[in-house]
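K.L.:
Here is how the chains run, residue by residue.
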Amino acid sequence: MTHISRREMLVLLAGSGAAAAVGPLLESGAALAQTPKKGGQVVVALSQEPTVFNPLRPHIEVDRGVHFGIFDSLWRTDERAQFVPNLAVEVPSVKNGGIQKNGLEYTVRLKKGVTWHDGKPFTSRDVKFTWDLVMNPKFGAYTRVGFDAIAGMETPDESTVRVRLREPFAPFLTAWGDAYIVPAHILESAADPNTAEFNTKSPVGTGPFKFASRVAGDHLVLGANPAYHGGAPPLERIIFKYIPDLTVLYTQFKTGAVDVTGLQGISAEFYAEAKNLPGVTIHLHHSPSVEYIYFNHGKPWFKERAVRQALYHAMDKRAIIDQVYYGVQKPVEGYLPSTSWAYNADLPTHEYNPEKARQILDEAGWKPGADGIRAKGGVRLSFTNSTTAGNKLREQAQALVQQNWRAVGVDVQISNMPAAVIWGEYYVKSKFDTLMVGIQASVGDDPDCLNRIHSKYIAAETGSGRNVSQYKNPQVDKLLEEGVREVDRAKRRALYLKLQEALRADLAYLPIFSYVRLEGVKQGMLNYKPNSNVLHNTWNMHEWGWKA
Amino acid sequence: MRYYLARRVLQALVVLVLVSLGGFTVLHLAPGGPAAIYAMSPTMSAEDMERLTHQLGLDQPLHLQYFKWAAGLATANWGRSYRDGRVVLEVITDRIPATVVLMLSAFSVAVLIGLATGIVSAVRQYSLFDHAMTLTAMIALSIPTFWLGLMGIYVFAELLRVLPPGNIGTIGAPFALGDRLRHLLLPASTLGVVMVATWSRYTRASMLEVIGEDYIRTALAKGVSRGAIVLKHALKNALIPLVTLAGLQLPLVFSGALVTETIFTWPGMGRLFVDSIGYRDYPVLMGILMFTAMLVVAGNLAADLVYAAIDPRVRHS
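Chains as they are written, first to last, in the working numbering: chain R, 13 to 560; chain H, 703 to 1019.
FYI, nobody ran anything at the bench for these hints, they're computed from the structure. Here the structure is a predicted model, which is why all the values come from computation and not from measurement. Treat the hints with care, as some may be off.
Derived lysine-lysine pairs resembling DSBU-like cross-links, with alpha carbons at most 30 Å apart [unchecked claim]:
1) R:LYS287 with R:LYS49
2) R:LYS342 with R:LYS379
3) R:LYS441 with R:LYS315
4) R:LYS150 with R:LYS342
5) R:LYS441 with R:LYS388
6) R:LYS50 with R:LYS315
7) R:LYS150 with H:LYS770
8) R:LYS441 with H:LYS770
9) H:LYS770 with R:LYS213
Derived list of chain R stretches under chain H, where covered just means 3 residues or more per stretch with a C-beta under 8 Å from a C-beta of chain H [as the list claims (entries may be wrong)]:
10) 153 to 162
11) 203 to 215
12) 259 to 267
13) 351 to 361
14) 422 to 433
We put the CB at the ideal spot given by N, CA and C, even for glycine.
Can you build the whole structure from these sequences, using the hints too?
P.N.:
In structure tokens form, the structure reads like this:
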């Protein structure tokens, strides 16, 4: 494969701003853009069932995968981490006058002549309605992030929206890049927008595909929207097929019953076989999730940096990746995947060195007791590690870490729980000792993670925020605050590079790897473009199609 | 008879109330909650989580939540799914056709084959056939369904490529009976194997008991033909305990099969139940629980009534 790595490319892009001049990237062997023939269908297999079709209601990733087809946002983030206009004529920027008053005011010009699937015209009123609905206290909106930053919204004419923010909020563009516009003329008249038929049975959007039919528990069909404002999609229809079992999903892909393995994709254990399958392409997709050992900094063991450092040195990351994850995952040192535009490539590389770990602990005064477990001032280095019960690979990785740490005099008890248990209060209210967890820290392609690392956002203390590790670091706090205020991407990038450095130096958490997902696509299907910046790789289904 | 019926219906109501109380308490006391599926979302804030928990009413005391739900149930309002906001009753009834098709085919084939082999085994007790059937039934009952299902997929879908690897029909194809039947074959057989074994064993045992009775000997002595004895005298009486078995298995026809439906990607009730547990979708879970409980109660009641109809001894006591 001939390619500049995505990261290098992004660094290049960030430096030169020459986004438009660059062609498609070749990472993961994706073919150069070809024109597909008209017609045909694609079957996307999903291991969870999409059932929520109102993009503003609480949903999970697979639902979002469907929203991409039915709805449009003002702009989207493409596979090169660039914003591309969707319902807007252009993406607001300081240069084009779309962002004014130091990032306090945004003016969005909307495309004209766009219609909803029912033929009614799309106007600025729909954008305003979407914001109003999310902020409506009676409406169970999924998230208000990016919506609550808005102080007011005006619609001077049918194709202009003017937004005033409460304070500069740089992730605004990203948040609205994932905010899908819903039709005012339908939901306004609904008796209760929470239970409207629109949400589950008859969604109407402006997107490239229309909702056609659904068999509960089995599949759902989207049909092409020939009047799509971005051009009629090549495919006649897309079928989302629900296959709950990942082994069965892979089997059905192998036997040709499905064309694309969505989301969880192909389990790593099948990688060796899958890459040699005839008639299919396996994409290595860098997902934005990073796997960590998460500390609860509120517990006595992790107050000292020396302990965190020793635990990192004692952990054999390579063995986890190679022996448990079949060598598929990619080691990282920070919270961003290597595909992010703010990724810091110069962080010190992890060194597996149990001897050094012992030395650090010795020097810090953690001395082994009679049972070989280290202790200091009455605190024994003995704690639990938890993750989702039943996640086979994680449980194996856990066992490795347990052995690694035992070898340097640290005792870990494994205490796993079902997903609905562990990721409830136990996680949110910081009741764990340590976790083995995969987290996507940032929203879309935006590196902001204030909510997760800033000391003001510890839910266990203040009742709000997502800083479940209870991490406190004034230097980090400051960088995070500056990061959300700065609108200039180059300047922001510098701030986030520093942030990653600070977090790596302090080892706020132990990064293990960034998730690389194996996604299978039947050969002959064109324009499948894995995109780390969105929740689901169906983001560009309006371009998908079959080779002529 | 009318008094008997009224008493039984009343009993059934008490059972349903107890089931709902027990189910509701256990479900809600189990750690975790419906909001956990959103905990990992990068786009959601803690305020969002709290707002949603409040909007779902999950921050209210448990007994209030129960009364609200039970009051709804009494007025045929089973609530709405936490996952997608659909009406629970509709979520459940949506799954009935697929479930019934799968279960009923497995069930009817199992009853027919089970009865036939059971009768032959009993009549020819300790014959080669009987021993072979005993062994086969033993194996069928001990094989885990998921293994049998996966083997079926492996052999017939992957190796021989003669049957589809699951699904209710060819994805994206319009309805065609032949296609549906082809898709039905593997999952129905997988389920049927265990059911056949059960029915065969019960029939054999029941038949053996009856064949040992005095009146059969009397009939033999009178010179009634063997065929007439087996089918008319023995089977008729041996069927009585089997009616109970049918009554107990009837709810299964609607409640589905968790494992088989998962492996064969069958959109039935069992699958809905597993998914709803994953989402901690309490209203749907309670809905399925009540629906199944009602069927169990109804199945038992029906079995008792049929019992009374076919067994004069029950009627007289």
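K.L.:
With reference to the structure, classify each hint as holding or not holding.
P.N.:
For each hint, the structure was consulted:
1. Straight-line distance between C-alpha atoms of R:LYS287 and R:LYS49 comes to about 26 Å, which keeps the hinted pair within the 30 Å bound.
2. With a C-alpha separation of about 34 Å, the suggested pair R:LYS342 and R:LYS379 falls outside the 30 Å cut-off, and the hint is violated.
3. Between the alpha carbons of R:LYS441 and R:LYS315 the distance comes to roughly 18 Å, so the proposed pair stays at or under 30 Å and holds.
4. With a C-alpha separation of about 44 Å, the suggested pair R:LYS150 and R:LYS342 falls outside the 30 Å cut-off, and the hint is violated.
5. Between R:LYS441 and R:LYS388 the CA atoms are separated by roughly 27 Å; this keeps the pair inside 30 Å, and the hint holds.
6. With a CA separation close to 61 Å, the supplied pair R:LYS50 and R:LYS315 exceeds the 30 Å bound.
7. Of the pairs offered as hints, the one joining R:LYS150 and H:LYS770 holds, with about 19 Å between alpha carbons and a cut-off of 30 Å not exceeded.
8. For the hint linking R:LYS441 to H:LYS770, the alpha-carbon distance of about 28 Å falls within 30 Å, and the restraint holds.
9. A threshold of 30 Å between alpha carbons decides the hint, and for H:LYS770 with R:LYS213 the separation of about 26 Å falls inside it, so the pair holds.
10. Residues of the segment 153 to 162 of chain R lying with their CB closer than 8 Å to a CB of chain H number 5, which satisfies the three-residue condition for coverage.
11. With 4 residues having a Cβ less than 8 Å from any Cβ of chain H, the segment 203 to 215 of chain R passes the three-residue criterion, so the hint holds.
12. Here's how the segment 259 to 267 of chain R fares: 6 of its residues keep a CB closer than 8 Å to some CB of chain H, so the rule of at least three is met and the hint holds.
13. With a threshold of 8 Å between beta carbons, the proposed coverage of the segment 351 to 361 of chain R by chain H is violated, since 0 of its residues qualify and at least three are required.
14. Requiring three or more residues with a Cβ within less than 8 Å of a Cβ of chain H, the coverage given for the segment 422 to 433 of chain R holds, as 5 such residues are present.
Hint compliance for this structure: hints 2, 4, 6 and 13 are not met, and every other hint is.
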